[in-house]
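S.K.: Given the structure of chain Y, go ahead and fit chain G onto it with the hints provided.
2 protein chains.
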Amino acid sequence: MTANFIKNKVLKILAFTVLLLLSKSVVAQSHPRLVLTKKGVAEIKDNLGKAPLFDSSLQDVKKEVDAEIILGIEVPVPKDFSGGYTHERHKKNFLIMQKAGFLYQILGDKKYAVYVKDMLMAYTKLYPTLPLHPQERSYARGKLFWQALNDANWLVYASQAYDCVYDFIGGNDRAIIEKELFRPFADFISIGSPQFFNRVHNHSTWGNVAVGMIALVMDDAELLDRALNGLKEDGLPAGMKDNDGGLIKQEGQKTGFLANVDEPFSPDGYYNEGPYYQRYAMYPFLVFAEALQNTKPDLKIFEYRNGILIKSVYALLNLTNSKGEFFPLNDGQKGMSYYSRELVSSVDIAYLYGNKDTSLLSIAEKQGRVQLDNAGMAVALAVKKKLAKPFTKKSIDLSDGQDGNQGGVAVIRNKSKDDELTLVMKYTSQGSSHGHFDKLSFSYYNNSSEILQDYGLARFVNIEQKGGGNYLKENETWAKQTIAHNTIIQNETSHFKGDFEIGDKFSSKRYFFDASNPKIQIISATEDNAYPDTKMHRTMVLLEVDGYEKPLLLDIFQVKSKRPNQYDLPFYYLGQMMTENFKYETPKSLEPLGKSFGYEHLWKEGFGKAGVENTKFSWLDNGSFYTLTSATEQGDELLLARLGANDPNFNLRRDAGLIIRKKNTDKATYINVIETHGSYSPVTEVAINASSSVTAVEKVYEDESYIGVSIKNKNGSSFLFVLATANNSVSEKHILEIKGTIYSWVGAYFSKLIK
Amino acid sequence: MTANFIKNKVLKILAFTVLLLLSKSVVAQSHPRLVLTKKGVAEIKDNLGKAPLFDSSLQDVKKEVDAEIILGIEVPVPKDFSGGYTHERHKKNFLIMQKAGFLYQILGDKKYAVYVKDMLMAYTKLYPTLPLHPQERSYARGKLFWQALNDANWLVYASQAYDCVYDFIGGNDRAIIEKELFRPFADFISIGSPQFFNRVHNHSTWGNVAVGMIALVMDDAELLDRALNGLKEDGLPAGMKDNDGGLIKQEGQKTGFLANVDEPFSPDGYYNEGPYYQRYAMYPFLVFAEALQNTKPDLKIFEYRNGILIKSVYALLNLTNSKGEFFPLNDGQKGMSYYSRELVSSVDIAYLYGNKDTSLLSIAEKQGRVQLDNAGMAVALAVKKKLAKPFTKKSIDLSDGQDGNQGGVAVIRNKSKDDELTLVMKYTSQGSSHGHFDKLSFSYYNNSSEILQDYGLARFVNIEQKGGGNYLKENETWAKQTIAHNTIIQNETSHFKGDFEIGDKFSSKRYFFDASNPKIQIISATEDNAYPDTKMHRTMVLLEVDGYEKPLLLDIFQVKSKRPNQYDLPFYYLGQMMTENFKYETPKSLEPLGKSFGYEHLWKEGFGKAGVENTKFSWLDNGSFYTLTSATEQGDELLLARLGANDPNFNLRRDAGLIIRKKNTDKATYINVIETHGSYSPVTEVAINASSSVTAVEKVYEDESYIGVSIKNKNGSSFLFVLATANNSVSEKHILEIKGTIYSWVGAYFSKLIK
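Here the protein sequences line up with chains Y and G, keeping their order.
Its first residue numbered 1, the first sequence is counted upward by one per residue in UniProt numbering.
Its first residue numbered 1, the second sequence is counted upward by one per residue in UniProt numbering.
Treat the hints with caution; some may be incorrect.
The list cannot tell twin chains apart, which means a pair is met if one copy fits it or any two copies do.
Unchecked claim - Below, simulated DSS-like cross-link-like pairs (lysine-lysine); rule was C-alpha separation at most 25 Å, straight line:
hint, residue 1, residue 2
1, 110, 509
2, 79, 714
3, 393, 415
Just so you know, these hints were derived from the structure itself, not from any lab.
Isolated chain Y, as found in the complex (with noise of 0.2 Å):
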């Protein structure tokens, strides 16, 4: 989010700003037009009955509506937060118009058109009454909503239905429609809310698409504009910031639908506040750009920035674990999946307005429904056709920043039958305000399950008694943090200070990826702004060797600093603890780790030392084991971490962490070996592979040029494994001597099994 973006980006912009200008077609075209269009549903209408996944999606939702109907119509006063009464009607009233909207249009019923019509009216009639929304939590309160950003969920949603019935309520109720609500509405969320709406940000992406849907339904090109390129006079003061501590504003900045499309994604599609986020905003995202293409196909919106609006849909994709759940890097809540509803409309819109990949078929099948519209109905054909491939995810490097030069989040799969490893790399930038502190971390699974975790977000979505479903304290104090996360501390004390506004000039920068050995998938990368005059290099490797059950995970972190300092490498493992070859204490009373930084949340259940030989930790997780083996030093601390501590309302899961700490050294190599070995069953009751076969871990080599590893086996094999730590070239030829053998290769890194 560097300002100079905007000298790269004026001309394009300026390019599309003229195009839009010239389209003639937003005058003449007849309703609906977003989403559904006449002709559109005219073929949808031949098609029923053709494709059961269309047929079963329409069905689930007439129920659904029909069943709403039945309960009639109800507009409360807004009152709670998110989770509460009037927040979870309000919302369920969008979601029920819209649908109520589509089937008016799919099937006729005039029921549904006075559904819809009977709840805007009420919506009409309340909402001049309405203030500022009573809770104050919020940067920018919304009215029906404690967050304009939900009122702008609410305007999205209710600019479809309004299209799908704007024939049939007639001139006069839509002048009053218009003038009461929908307009009011549309300057509030963003005249009204500047700090809201004038921000590239998940919640302007929803602000501005609320107000370009609006303007397309209402054919208002002054609203249309400034949905697009945001408001040209903000007031607001540069540097402002939003309650999650995310800067609103920075001088310069450009706004507006087209900045957000720009800015957050990188060429890859990765969207910078992370999988969980990008799952939020796809929906605005892709349904204004479906709702563009119909209304003003000129514009070519999907083929904006070489097509990142369906790009990005793949990267998120990418960004699942093998049951669809999107890893909770940043703010993410676990088990968010592409089974929910703002992938389905992606997943389909990425279809027809993509390259009608048929791969896409089998996420949809998956999903087990479609939206009701021609993108829907497309999937819902093609599934019917038998066309749908499997999907397969593959290792893949998505880049970060707008040019894809803000370092990027590694995603490493090793699959064997329906096993699969799969390692997440995070070196990205901040992240904006949703963005954790946690440079050059990672988290790894097997399969679906985590061997090793990232905490994700510390808050109960929509959950009222949670502190009304919004963030909670402990997001900050804990889950941000960096001990929070698989990563290097320095002194106790987060990335950048934990201070957003530095962390938020910075990323980590990529040395090194290759997956194209799927034997030897290599991330490597470096940050050199998260402590100054430190600098960090972490190398992953995901390894395939002769000799183990599963791949290793090979992961060598090298700090150097200035000056001598603490450092702490957290593992956060699930399940429980089987055996270590360290002797250790466990107190026998409970203190917290630390006084800040999130340390003051973790209990110390054990602190122990390493000895002579690797430090070796086993568990036991969901029927695997697991063994990390570290290449400690003698003398370096252990600690068996849990968390809970400075937790008053049991916010925070008791969860555990093994943290090795190195003191007092300006230089810190940590190398580690995490090894999935054999099988639990409670109902055989058999172990097998219970054991690691590792039998000794060791640098074998560091200078400033390289650094050597090696992992020995117990069957006697060795894995030597050199990395040229200073030059990155795939084509540069090294010659390195370790231990009085010379080994001579070409590119980054060399690997070799001794037998």
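M.R.: Showing chain G alone in chain Y's frame:
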């Protein structure tokens, strides 16, 4: 296990023995004769290819055995605990040997016979050289394994293998094998290990059956008598205990297989050690019964004690949750289920030798495999004919004790569509050496999710790294202690002071059970001996009441003592605490809750006091909300406990509990309502019905003869439940005035919904 059972059973057993001596079939029969028979094999061969479940089971077994044959025979010198190499190898040997024997009979391929013969010869060579197993932990060490129990397992399976290849081996080799291996093996685990063989326990059942099976193969009447009726003289001192603290010998104790059928099973088929060990013992019980039926049909073993062996299979199937997992009463490993090999054979045998109950076929279908004998073939053929009917688990009250008068276990289920809430209330006798000190405790399930859990055992069965796969110290110090269970603890001291010998003398008593009305299902039981001079009475009601989304569990626990005491009632919930209505403090550092009886393993995470209103406590687990509403009195203490203190090897799960503490009172009445409500999905992020509908739980009446409880709903209705606590007759008339209203009814309880 009172001594006086002998008087009752002497005649029956005498008669049985006479019958046995009269039976002429022993000498005449050919081999195989145990589980497979000549005639049976012919029938199986006729039906190959006609019963897919049998065919696929046969293929699976063939694949497994073929792979082992390729690996070759290994008979290592015994060295390890369970989970270790030599243990697992010998275990695999007997399992594969038996399967190879079956394959030889069914497929006629001599390679299987050769394999069995070679392995038996290898054991014949090894066995005479073996001293006692080097691991000294067991009260009855084996030779192949660290405990004689596992040696007995070996012989149960090896006898079957030998039976299958008996004719193939030839007389000379048979003579050697029997002289050097089987006869001394049988003598060692019986005469040589009387403390193991001559008792009533799952261990001795295995021992008796092992000796009995080889006796039947070898036509050895003396060994068979030893198996059926135990050692006449064992030289064991009365009061001797095993290394789990279980009593080995009571004065006048009858022993042998028949005593093990007589004594631990109640007339309802409940096995006093609990379902986990019942499952373990079912295999020898039933496979020996099958062998006796095949060799001595005149004995009608399946009709013995009114068909107790078949009944016990039903009891076991009923002691499972919706996923088929056994309730972990007493020592029980969670996750063990009717998918285990022991239950596959039990279900098959119960089908063929019972009443060909087609509901058992649906369990066999779920199991997806059958055993390779006539029982398995009968099941497979019936499944092929689509005879399977659903196995419906109804609410039941299973008596405990030989005569059914030593308390019991009630399993109360409320089903609606695919959802089932299940209450398991335990008011049994001690349960032998695997019993827990948990009189009147309960666990509660939402389908297969635990709402309020029984901890189960503290052991990682067969995982060598964890204490050799054996019981951990924490099984004694935590899992068996009363505080580990959802029941009352007086003065921080376990029931019977945690003394097995005292506990073994007593059982709780059923007061009332009635599941005839699916909307009001009641179990009520008393316990007068857990604490001298203290009487406890717990009544649990699974209630379906209008105005609640799902059934309520009403829990009335009355305690009366001759002197003032402190009482604790814990509720071990899972998942995350949502909300509570009492003030509490969370300490800055954690201290254990107490010093002994398991209290030393609990951290005191929070501490509060009940206010004037009911205490409310809600949590979220696995997508469901739960709320406990407790009619506490002001000043009752509320402790938020977390397991894990004094756990130096991290053997315990970090589970949580809420403990309601009443101090310094000679009378305590706990009234709790547990409400299951709503849902939450991380995909839709919608929280439905997240708040409790109970507005008040009130004790409206209590005297020596009655207790009355009112549960108020937020809709204004209230539900009244009155129990006659001094007269459990279903025909007694009662008239009672409660708060100015006179109620009259017939029977032990009265209930009314007042709208």
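S.K.: List, from low to high, the hint numbers that the structure doesn't satisfy.
M.R.: 1
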